[in-house]
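K.L.:
Take a look at the letters that make up each chain.
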Amino acid sequence: MRAFLLRRMLTMIPVLVLVSLIAFGVTSLLPGDAALAILGESLAKDEKLYQSLRRELGLDLPVYAQYLRWGGRVLTGDLGVSIRSKQPVLEAILQRLPPTIQLTMMSLVLALVVALPIGLISAVRPNSWADIVGTVLALSGVAVPHFWLGILLMFLLAVWLGLLPPSGYARLLDDPLASLRLMIMPCMTLATGLAAVVTRQVRSALLEALQDDYIRTARSKGLEERAIVVRHALRNALIPVVTIIGMQTGRLFGGAVVVETIFSIPGIGRLAVDSIFYRDFPVLQGVVLLMAVAVLLINLATDILYGYIDPRIRYT
Amino acid sequence: MMRGSHSQEEGAVRATGFCARLPVGPRLFLRTRLAGFGLFVFVALVFLALSADLISPYKPATQDYTAVLARPSVAHPMGTDEMGRDVLSRVIHGSRVSLVVGLLSVALACGAGIVVGLASGYCGGWLDEAFMRLVDAVYSFPALLLALAIAAALGPSILNAVIAIAVVYTPSFARLVRGQVLSVRERDYVSAVRALGGGAPRIMLRHIWPNVSSPIIVQASLSVSFAIITEAALSFLGVGVRPPTAAWGSMLRNGYPYMEQAVWLAFFPGLAIFLAVLALNFLGDGLRAALDPRFRQRG
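Heads up: the protein sequence lines correspond to chains D and B, in order. According to this note's numbering, the stretch in the first sequence is residues 1 to 316, in order. According to this note's numbering, the stretch in the second sequence is residues 1 to 299, in order.
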């Protein structure tokens with residue numbers, strides 16, 4: 001296990017270097033440069049001031065030298081300073097992290113709470129009306145765009161029925177009730193796609209597991225059907241579901257960008273969208289980089305978790 | 001990724017008449033009712049996009065200030081927007097953007113992915129290692145965030161949206177093709193061609209490619225639907241297609257602030273995206289049923 005972990009982490013190093021190259025490369029392609037964004041149109045007309053700021057920021061250096069300078073700083077935890085708020089980027093990101101974590105975690109839990117029972121019923125009673133309803137919901141859930149679903153929910157639950165506040169954010173620790181009420185619609189929006197994918201996965205994995213030999217053995221021993229499904233088949237069927245959830249993390253983060261924008265949640269996704277419109281290069285670089293690193297680490301965690309839940313897998 | 005609805009295939013009607021005379025692949029495709037629905041909607045979408053100028057009741061940019069935010073009616077079946085433009089005509093014209101971006105970006109991603117995957121899988125060694133680490137790196141970015149950053153960097157236009165989406169979807173094709181090539185390249189018939197003096201390009205194009213193309217076709221059809229959603233999301237976030245071009249995502253963006261007075265502004269473009277994506281997913285699943293050997297055995 002230790003050897004596997006070491007090897008897995010070593011292969012992550014070139015990937016991390018490439019991730020940093022892409023994050024730097026893409027954001028340095030943004031039209032206009034950081035000096036222009038800091039000074040604004042009128043001050044930037046002062047050529048002397050503009051050039052001295054460019055030198056100070058290292059923008060007069062060749063691109064590879066700019067990357068090495070930036071990369072060196074990133075390794076020490078310095079992601080630069082936001083052009084817009086003058087706040088250190090890492091601090092700005094950490095400040096915006098709690099709403100995004102709350103949104104993605106609650107959506108993940110909601111998706112599992114909905115998907116596991118539906119997938120289970122669909123597999124235990126294939127082709128029943130419950131299975132058909134579950135299938136239709138799952139197929140629709142994959143196809144429905146987040147931004148449309150969010151707007152429809154907002155219209156239905158907030159504007160029309162007046163059951164929930166339309167948008168905004170309250171810290172969970174400050175006002176738990178308001179925070180949960182404000183999170184209902186964003187979580188429903190973000191959870192739908194994931195719930196659909198997990199439902200299909202649970203259904204097909206469980207259907208397959210229920211046909212295995214050990215299930216026949218368990219049945220012939222006279223074991224109760226409920227115990228067969230829950231204790232034997234479901235446990236094995238959930239193994240691929242863990243991988244699917246790990247693989248969907250990127251999608252959850254991507255979805256958070258849209259959902260946070262619609263529901264005015266001050267999270268990292270919203271920070272990324274704002275940084276594009278304010279030409280805040282350091283913030284965009286920081287968000288893009290940290291989200292990719294987070295996905296890589298979650299994938300690593302999924303691989304490790306896999307070994308624990310499936311004893312047949314031995315890391316060598 | 002969505003999985004095929006096996007129960008529909010299993011419970012579908014038996015092939016009779018015309019269907020029975022078809023080869024196994026197309027017969028399996030047609031036996032899947034949902035795939036039939038998908039094909040119908042996709043063909044309708046292509047028809048709408050091609051004949052948008054002929055069939056839309058108004059020009060997409062024509063403004064009627066006497067009918068601003070008008071409710072759906074006989075004159076305007078999907079209502080009008082804040083500038084008095086007919087929503088139905090704009091939805092019809094919006095299909096062009098979605099289809100062009102969806103098809104072109106997937107064609108680009110597919111082409112690039114095939115080249116990378118074939119080279120990586122066949123050559124192996126350091127080339128494979130380098131390509132696959134690059135693929136891993138692109139994969140680790142949330143797709144929408146990377147597409148958003150690329151589209152913002154290149155500036156809002158249809159072509160740039162195509163490029164941004166193609167970059168994001170290339171790795172999935174590269175991985176798929178590489179995996180298929182790895183499983184095919186050690187087969188006896190490939191060794192035989194090699195022994196007869198066949199060069200690498202000939203082996204890849206004439207012998208390996210035909211054997212790996214089916215899963216790629218399925219993946220491509222499913223990817224078009226994801227590309228359509230991504231384009232709409234980019235336009236919704238303001239980095240996709242420039243106004244006044246009618247695109248479903250930007251129509252949603254413009255309509256959303258008017259939700260309380262005119263919900264139809266956001267409803268109909270969103271419905272169009274939903275139906276297009278649903279249809280393409282069904283089509284992809286139908287193709288999987290028709291091309292996947294495991295399904296053929298059942299047929």
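Simulated from the structure, these hints should not be mistaken for laboratory data. Do not rely on the hints blindly, as some may be mistaken.
[Said to hold, decoys possible] Example chain D residues on the side facing chain B (calculated, C-beta under 10 Å, incomplete):
#	residue
1	V17
2	V109
3	F147
4	L149
5	L152
[To be verified] Counterexamples of contact, computed for chain B against chain D with all Cβ distances above 10 Å:
#	residue
6	T66
7	L69
8	R71
9	V115
10	A119
11	A137
12	S140
13	G179
14	I216
15	N281
Everything numeric in this text was worked out from a predicted model, so none of it was measured. Don't be surprised by glycine CBs; every beta carbon is placed ideally from N, CA and C.
K.L.:
For each hint, tell me whether it holds in the structure or not.
P.N.:
Going through the hints against the structure:
Because the beta carbon of V17 of chain D sits about 8 Å from the nearest beta carbon in chain B, less than 10 Å, this interface hint is met. Checking V109 of chain D against chain B by beta carbon gives a least distance of about 20 Å; that is not within 10 Å, so the hint is violated. The beta carbon of F147 of chain D comes within 5 Å of a beta carbon in chain B, closer than 10 Å, and the hint placing it at the interface holds. Hint status for L149 of chain D relative to chain B: holds, with the closest Cβ pair at about 8 Å, below 10 Å.
Here the hint on L152 of chain D is kept, as its CB sits about 7 Å from the closest CB of chain B, short of 10 Å. The Cβ of T66 of chain B sits about 26 Å from the closest Cβ of chain D, beyond the 10 Å cut-off, so the non-interface label holds. Every CB of chain D is more than 10 Å from the CB of L69 of chain B (nearest about 15 Å), matching its label as outside the interface. No Cβ of chain D comes within 10 Å of the Cβ of R71 of chain B; the nearest lies about 15 Å off, and the non-interface call holds.
A cut-off of 10 Å between C-beta atoms confirms that V115 of chain B is not in contact with chain D; the least separation is 19 Å. Under the 10 Å C-beta cut-off, the non-interface status given to A119 of chain B relative to chain D holds; the minimum distance is some 18 Å. Not every beta carbon of chain D lies more than 10 Å from that of A137 of chain B, the smallest distance being close to 4 Å; the non-interface claim is violated. Consistency note on S140 of chain B: stated as away from chain D, yet its beta-carbon is not over 10 Å from all of that chain's, at 4 Å minimum.
With a cut of 10 Å on Cβ distances, G179 of chain B stays outside the contact zone with chain D, its closest approach being about 16 Å. Against chain D, the non-interface label of I216 of chain B holds: every CB pair exceeds 10 Å, the least being about 20 Å. The Cβ of N281 of chain B does not lie farther than 10 Å from every Cβ of chain D; its closest approach is about 6 Å, which violates its non-interface assignment.
Violation of the numbered hints given earlier is confined to hints 2, 11, 12 and 15; the remaining hints are satisfied by the structure.
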